[in-house]
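Q: Next come the chains, spelled out residue by residue.
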Amino acid sequence: MFKKLFLGDTKIDFYKISNIFYKMFIVELVLFSTVLVLTFTNILELNLSVDFTGGTTYQLETEYSTDDINDVMNSKILEVSRYQTFDNSSSIIFRATESTSDKEAEFLSYLSTKFNISDSNIEFQRVGPTFGDEITEKGLRALIIFLSFIVILISYRYEFKFSLIALIALIHDLLLCLSVYLLLNLEITPSTVIALLTILGYSLYDTVILFDKLNDSKKINKQNNINIETLNNTFNAVLMRSINTSITSVIPIASILFIGNYLGLSGALTDFALPLFIGILSGTYSSIFVTIPFLSKIIKK
Amino acid sequence: MKNIIKILLLPLIAFGLFYYTVALDIKPKLGLDLQGGISVILTAPEDTEEELLIKAVEIMRTRIEAFGDVQEPEISISGDRSVLVQLPGVTDQNKAIEALGTTGLLTFRPVLDSSLNTGYSPAFEYSPNPDDPDNPIKTVPAGVDDLVGISLDDNPSTISYLLGVNSGFPVIYELGPAALTGNDISDAIAVYPDNEWIVSLELNSESESKFTNLTKELASKSGDQRKIAIVLDGEVVSAPGIAFDVDPNVGITGGTAAISMGNADAGESANNLAVILRYGALPVAFERSSIQKVSATLGENTLNLGLQAGVFGLIIVSTLLLLYYRLLGLIAIFGLSSFGFLFYSVISLLGKFQGYTLTLAGIAGAIVSIGLAADSYIVTFEKFKDELKIGRSFEFAANKAVQDAWKTILIADFVSISAAFLLYILAIGPIRGFALALGLATTFDLLFTRIYTRNSVPLISNFTKSPRMCFPITNKDLQDV
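Order-wise, the sequence lines are chains A and B. One point on numbering: in my numbering, the residue at position 210 of the first sequence is 210, and numbering is uninterrupted. So my numbering is basically just the index in the second sequence, starting at one, shifted up by 301.
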């Protein structure tokens, strides 16, 4: 089996199984929409970081008890909306809604006396509510321009229909990541947004390499259109590269996740790593199994 | 021979640059998130002219430097109307934030009355109480705190009651509308001509007459009303009086003035006042939209995590490449490590000469690029295998593979570079650092594929013609296909 896979000599009839993956895709879409609907109806919560909502965070490393946390949550100096603790480190993060800088300073000194640490050892972050809007706005603008550019590029190099298929695969990856974040109630930070943009690049890179291979096979066989045989051969041949590439890409990222988890660090770097991890796996899947049903449909016509 | 030169060109450049950076002790310039410090993002109101923003940045830079205690502050315009202030490793962080915070409005306002004169806030007015003669009726103007008698908001266009300090004692001043602002001042310095500190003030030529008119009016008065209050952010910083030898019919002319500061504190208050006068007012009212404080230990932890993850990832990727592609894997590993050295050296040099700071986002971009660079080798090797499979000779297959792979990698990398380029242009803050790292890595990947991989893979047929040395397959497997 391995040898066959390695030789690109697997005889998977991708055309035949495309229907199964089409159904898979529909099931996924239903799942994604369910998650989105649940979010809009406030059953699932969109956990946005302080960068988007505005407010302050305080991170400190200390010995603490549940009573201490309750004291802080009820301290009335600031409206502490949430706290976060970690299994394998003594870090604790408090998050408060926006307030005046005097109140923030008061809360900071309250924490430093409460936990008996110097206030210079407390990570403090304050973000105004407009800042998140700016990041989101800029990010969305970049995304739209990027996607239009991709459609033009792929249409020019290959076919217009290909560019639509690439877009479907991209949107699939984005929705998948978003759904995971919503379901697990993970915090969305600016790092997450950057990671999502990277995933787009990855997924696209994978899809482009596949299209390129498809185009090559078409040329070699001197065809004007792709037929079932070309499609099958191409996908069988490209399977190994896809697997290899996703393994080599995922390893450095997995090592951030695991080393980070081992050291008890849940900083911004792991914020990057998690969506990348999900996204690369999803990108590998989508570049083959999401594109296949649609490519099959093109052939039918 | 020519091929050998081509193959060794990039690795030699990489190792040479690496040696150069190590020998000169050039290290990547670390961002705040990796070395600790404060980062503040200030946002100006919408439609602020760029010119004003540039001026504000210049003023802030001078203020922060005059403030001392800050190593390598970085103040830059980011986006349309935001200013990013980065203060690495500041010892007294609150004071530094304060220094940025007091960038409000500087005004000059005539003093109408003060608590020195009345004994209580001049805002209060007492009238006899016919019912209870011991408790006179107190009336307080609108917008004034009725306990201490200080205006709640400093509005420069109406009469305000503001607090100041006079010889160590708090004084509440009643002030008329602002006659001049910080923009009317062109320069102020503290000097010590003879036995007394003086702040010498210079006005803009177009503001001379305003100042002359103000001093003319005040010179005709006496007591508190002879004073000009210098107000910064609703606080009276100083309230010097007009000298008695100023002629009420002439005022102070010539666009210069001197404020006597006495001799008490070795010029400290004179210097402070001069700094405030010079840089006190920014032409723009900023909103502090983000403050981030990172302690040095957390920064160090993150950096170590990034480095460990990077090295760990590289080792596993290398092992896999060796297991899969054997001799070809060696080519890939040598290429990847040269790639790593080149990337590190260029980031260090960019930090030294272009001020590029390596942030967490940049490290993430670099780690992502390991996968990207490894993929280029995989694409090439897989093409090689495909050619062998259709029965091509070892030599021909190698040559064909590097040519075909180049085309595929070119378009795939082109997409990545465009993405990085777009991100760099359109995004702000940390996303830019990420985009630059990704773009740089992709460009290097293109160079390596074109020059290094393209020439080194065909070379392998000089050493072996057996597919076993390059893939986990034998000749027999190939014939069976």
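Please note that the accuracy of each hint is not assured.
[Unchecked claim] Pairs of lysine-lysine residues, derived as DSBU-like cross-links and limited to a Cα-Cα distance of at most 35 Å, are as follows:
#: 1; chain 1: A; residue 1: Lys103; chain 2: A; residue 2: Lys297
#: 2; chain 1: A; residue 1: Lys222; chain 2: A; residue 2: Lys23
#: 3; chain 1: B; residue 1: Lys777; chain 2: B; residue 2: Lys690
#: 4; chain 1: A; residue 1: Lys4; chain 2: B; residue 2: Lys653
#: 5; chain 1: B; residue 1: Lys690; chain 2: B; residue 2: Lys701
#: 6; chain 1: B; residue 1: Lys708; chain 2: B; residue 2: Lys439
#: 7; chain 1: A; residue 1: Lys11; chain 2: B; residue 2: Lys708
#: 8; chain 1: A; residue 1: Lys297; chain 2: B; residue 2: Lys303
#: 9; chain 1: B; residue 1: Lys701; chain 2: A; residue 2: Lys4
#: 10; chain 1: B; residue 1: Lys653; chain 2: B; residue 2: Lys307
#: 11; chain 1: A; residue 1: Lys222; chain 2: B; residue 2: Lys653
#: 12; chain 1: B; residue 1: Lys701; chain 2: A; residue 2: Lys138
#: 13; chain 1: A; residue 1: Lys138; chain 2: B; residue 2: Lys653
#: 14; chain 1: B; residue 1: Lys701; chain 2: B; residue 2: Lys653
#: 15; chain 1: B; residue 1: Lys439; chain 2: A; residue 2: Lys218
#: 16; chain 1: B; residue 1: Lys690; chain 2: B; residue 2: Lys307
#: 17; chain 1: B; residue 1: Lys690; chain 2: B; residue 2: Lys328
#: 18; chain 1: B; residue 1: Lys653; chain 2: A; residue 2: Lys297
#: 19; chain 1: B; residue 1: Lys653; chain 2: A; residue 2: Lys219
#: 20; chain 1: B; residue 1: Lys690; chain 2: A; residue 2: Lys218
#: 21; chain 1: B; residue 1: Lys653; chain 2: A; residue 2: Lys11
#: 22; chain 1: A; residue 1: Lys11; chain 2: B; residue 2: Lys766
#: 23; chain 1: A; residue 1: Lys219; chain 2: B; residue 2: Lys522
#: 24; chain 1: B; residue 1: Lys766; chain 2: A; residue 2: Lys16
#: 25; chain 1: A; residue 1: Lys138; chain 2: A; residue 2: Lys4
No wet-lab data here; the hints were simulated from the structure.
Q: Now look at each hint and say whether the structure bears it out.
A: Here is what the structure says about each hint:
Note on Lys103(A) and Lys297(A): the hinted pairing is violated, with a Cα-Cα distance of about 62 Å set against a maximum of 35 Å. A hinted pair counts as satisfied when its Cα atoms are at most 35 Å apart, and Lys222(A) with Lys23(A) qualifies at roughly 32 Å. In summary, the hint linking Lys777(B) to Lys690(B) is supported, as the alpha carbons are separated by about 11 Å, within the 35 Å threshold. With a C-alpha separation of about 51 Å, the suggested pairing of Lys4(A) with Lys653(B) is violated against the 35 Å cut-off.
Proximity of Lys690(B) to Lys701(B) is assessed by CA-CA distance (about 13 Å); at most 35 Å being required, the pair is judged to hold. Note on Lys708(B) and Lys439(B): the hinted pairing is violated, with a Cα-Cα distance of about 87 Å set against a maximum of 35 Å. Taking the CA atoms of Lys11(A) and Lys708(B), the gap is about 27 Å. The hint holds against a cut of 35 Å. With a C-alpha separation of about 50 Å, the suggested pairing of Lys297(A) with Lys303(B) is violated against the 35 Å cut-off.
Proximity of Lys701(B) to Lys4(A) is assessed by CA-CA distance (about 23 Å); at most 35 Å being required, the pair is judged to hold. For the hint pairing Lys653(B) with Lys307(B), the CA-to-CA distance comes to about 29 Å; that is within 35 Å, so the pair holds. Restraint check for Lys222(A) and Lys653(B): not satisfied, since their Cα atoms lie roughly 54 Å apart, outside the 35 Å limit. Between Lys701(B) and Lys138(A), the direct Cα distance comes to roughly 43 Å. Violation of the 35 Å bound is thereby established for this hinted pair.
The hinted pair formed by Lys138(A) and Lys653(B) meets the criterion: a straight-line CA distance of about 29 Å does not exceed 35 Å. Taking the CA atoms of Lys701(B) and Lys653(B), the gap is near 42 Å; set against the 35 Å cutoff, the hint is violated. For the proposed pair Lys439(B) and Lys218(A), the alpha carbon gap of about 94 Å is over 35 Å, so the pair is violated. Between Lys690(B) and Lys307(B) the alpha-carbon distance is near 28 Å, which keeps this suggested pair within the 35 Å criterion.
At most 35 Å may separate the alpha-carbon atoms for a hinted pair to count; Lys690(B) and Lys328(B) exceed this at roughly 47 Å. For the hint pairing Lys653(B) with Lys297(A), the CA-to-CA distance comes to about 55 Å; that exceeds 35 Å, so the pair is violated. About 49 Å separates the Cα atoms of Lys653(B) and Lys219(A), which puts this hinted pair outside 35 Å; it is violated. A hinted pair counts as satisfied when its Cα atoms are at most 35 Å apart, and Lys690(B) with Lys218(A) qualifies at roughly 18 Å.
Of the supplied pair hints, the one linking Lys653(B) and Lys11(A) is violated, its CA atoms being roughly 55 Å apart against a limit of 35 Å. Restraint check for Lys11(A) and Lys766(B): the C-alpha separation of about 28 Å stays at or below 35 Å, so the hint holds. The hinted pair formed by Lys219(A) and Lys522(B) fails the criterion: a straight-line CA distance of about 96 Å is larger than 35 Å. Among the hinted pairs, Lys766(B) with Lys16(A) is inconsistent with the structure: their alpha-carbon atoms are about 38 Å apart, more than 35 Å.
Pair hint Lys138(A) plus Lys4(A) does not hold up; C-alpha atoms about 47 Å apart against a cutoff of 35 Å.
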